[in-house]
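Use the sequences and the hints to build the structure in full.
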Amino acid sequence: MANVGVVVRVWPLSKREIKEGGKIIVEIDDKVAKIRNIKVDSRPDSFGDSQEKVVAFSFDYCYWSVNPEDPQYASQDVLFRK
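Here the sequence shown is numbered in the UniProt record's numbering, starting from 1 and rising by one per residue.
No wet-lab data here; the hints were simulated from the structure. Only true hints are included.
Below, simulated BS3-like cross-link-like pairs (lysine-lysine); rule was C-alpha separation at most 30 Å, straight line: (1) K15 x K34; (2) K53 x K31; (3) K34 x K23; (4) K34 x K82; (5) K53 x K19; (6) K82 x K31; (7) K23 x K82; (8) K34 x K19; (9) K15 x K31; (10) K23 x K53; (11) K53 x K34; (12) K19 x K39; (13) K39 x K15; (14) K15 x K82; (15) K53 x K15; (16) K39 x K53; (17) K39 x K23.
For each label pair, taking beta carbons as the anchor points, the in silico distance ranges come out as: (18) N3 x I25: 26 to 32 Å; (19) N37 x N3: 28 to 34 Å; (20) K19 x L79: 26 to 32 Å.
Using N, Cα and C, we set each Cβ at its ideal position, and we do this for glycine too.
This is how it looks when you write it as structure tokens:
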């Protein structure tokens with residue numbers, strides 16, 4: 001049986017996403033990608049709401065490729081070498 005690794009990579013927003021007011025809603029913490037539900041964040045009172053504000057997903061590898069100035073930044077070269 002073959003081993004399969006699951007990888008996630010967070011990219012910068014596209015020009016279209018920026019133009020439409022898009023926001024990055026993903027955070028990377030080691031091998032965990034945390035996704036923030038901005039619809040829940042915008043509600044003044046989410047009391048009793050069954051939706052989580054942040055949902056975490058575990059992966060074999062998580063890479064942050066949004067901002068080259070960020071210490072967590074993973075270039076294409078970094079990914080290729082792994």
